[in-house]
Amino acid sequence: MITFEDVVKVYPGGATAVDHLSLELPTGKMTVLVGPSGCGKTTSLRMINRMVTPTSGRVLIDGRDVAGQDEALLRRGIGYVIQHAGLFPHRTVLDNVATVPLLLGETRRTARAKALELLERVGLSAGFAKRYPAQLSGGQQQRVGVARALAADPPIMLMDEPFSAVDPVVRAQLHAEFLRLQQDLGKTIAMVTHDIDEAIKLGDHVAVFRAGGHLAQFATPRDLLAHPADDFVADFVGRDRGLRSLSFDTASDLPVKPVDGLELDEAGRPLGWPGPDGLRETGGVFTKEDSLRVVTDLAIRSPVGIAVRVGPDGAADGLVSHHDIADYLASRRS
Amino acid sequence: MNFTYLLDPAHWEFGAAGGIPQLILSHLGYTVLALLIGAVIALPVGLYIGHTGRGSFLAINAGNAGRSLPTLGLLMLMVTLLGLGLLPVLIALTVLVVPPILTSAYAGMRSLDQRVIDAARGMGMRPWQVLTRVELPMALPVLFGGFRSAALQVVATATVAASVGLGGLGRLLIDGLAVNDYSRVLAGAIVVAVLAVLVDLFLASIQRWIVSPGLKGTS
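If you read the protein sequences in the order shown, they are chains A and B.
Numbering-wise (UniProt numbering), the first sequence opens with residue 1 and increments by one.
Numbering-wise (UniProt numbering), the second sequence opens with residue 1 and increments by one.
Derived from the structure by calculation, the hints contain no laboratory data.
Careful: at least some of the hints might be erroneous.
[Stated by the list, open to error] Simulated pairs of lysine to any residue, SDA-like, Cα-Cα distance not exceeding 25 Å:
# : chain 1 : residue 1 : chain 2 : residue 2
1 : A       : K130      : B       : I117
2 : A       : K187      : B       : S205
3 : A       : K130      : B       : V130
4 : A       : K130      : B       : S68
5 : A       : K130      : B       : V211
As the structure is a prediction and not an experimental result, all values here were calculated from the model.
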């Protein structure tokens, strides 16, 4: 667990970067610090590995004040990923990844073997090992950056806007891979971003900062969308937060009506809705595991305003109209 | 004017006092000594200024001031103060070498991508490790450029040693002029020019060898 105890950072010149921050980042979870620029999120992150020293207050890792620990040794035990990856241009991909194990005194051979394993883990083939960072795309560099931070298997990872320098398609891909990786590894992660959608997608918890270094709200993504603490958070989270919050619930409890009026094949799989000009596409189907957001989207896009549910065998087993969804949401509220 | 002096095999005899090989050796001797002393002085200062950003006016102004000092004039001044010998020559040549090395060491350190250095520190490198494992290797291309230009200048200028009674290829120029032997002067000029080119080629190959391929731009 990473604990901020009434931490203040005032820069020479009087600018307050972090204003009386108290926060707990739970072990094994990913906490995302999010907010507009100049809100102190990066400063807070950098206090964890002593890249920034607090003016007052304490930062503790598992109850131990970081201020009393040897800087270099502390940092070797904490993975560090930054924007644009910050890879060493004069070292090969493999040697970049092997950096921390080598600092920790492992032999070159062990460090490189580990590095190779990690490259694979982040989705890079062994063919990349001998390349130099300048020969990689932005997304590939960022993968190497993550592999480098994981190389010594640190329990804690700090990530400062790790995915902001890549295009949206690659970013979505990296998000998915990173979530899978984190599911396996269960690291305690602190990540900084200015993108609230990224925060909600990746974080187990989200800490929203506002300008001047105030913590506006610390909550799970779901609570953040459902109950923003104030107007600033509500505004920052965005206008369609109601719709977005539907992505946290699955359709498992959503009542369905019997299949009626839908053309099926002999195995019961939906073919389409009969219309005056022949069959019209259903626009897709959902299962019990899909989110309410998916179901709502299907109902809206459907030519007849009805989303089709299928069972594990692909056979249609229920229908939901957007009225049904509205009724269900209303019943949940009461 | 002709090439008779240059092409006369008698002047190329190894070990002969005053022969061209012996002059080349002493010429290279002054060059290497001046470069070494200059590097020992200028490298740490330039790296320190570049690393900390403190005293950058010194790096820039020392560079300009040093460049505008006439080496021959400085040499005469040193001889007046210290008497004849190797020392005044080395001082004059070192003054020539310091500015390009100092400025390039400074510029090399200033040009570094600060994000990479931030990553190095954040991963747990100690300041000395950041300097030797990250900053120096990354600054090497710029730094080496300054060293090469210093080497070129000092090879060309080490001819002044002859004007205060020492050896080196300047002997061919000074002695040739003294006895109106223009063939000898021409030989001196050509050998100095060729030597400068060879020294630069040699340093270029060392540079290719020690600078990481990752710093040579995208391939």
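Status of each hint after checking the structure:
1. A:K130 - B:I117: holds, 22 Å
2. A:K187 - B:S205: violated, 47 Å
3. A:K130 - B:V130: With Cα atoms ~22 Å apart, A:K130 and B:V130 stay inside 25 Å; holds.
4. A:K130 - B:S68: violated, 46 Å
5. A:K130 - B:V211: Distance of about 16 Å is within 25 Å: holds.
The earlier numbered hints that this structure contradicts are 2, 4.
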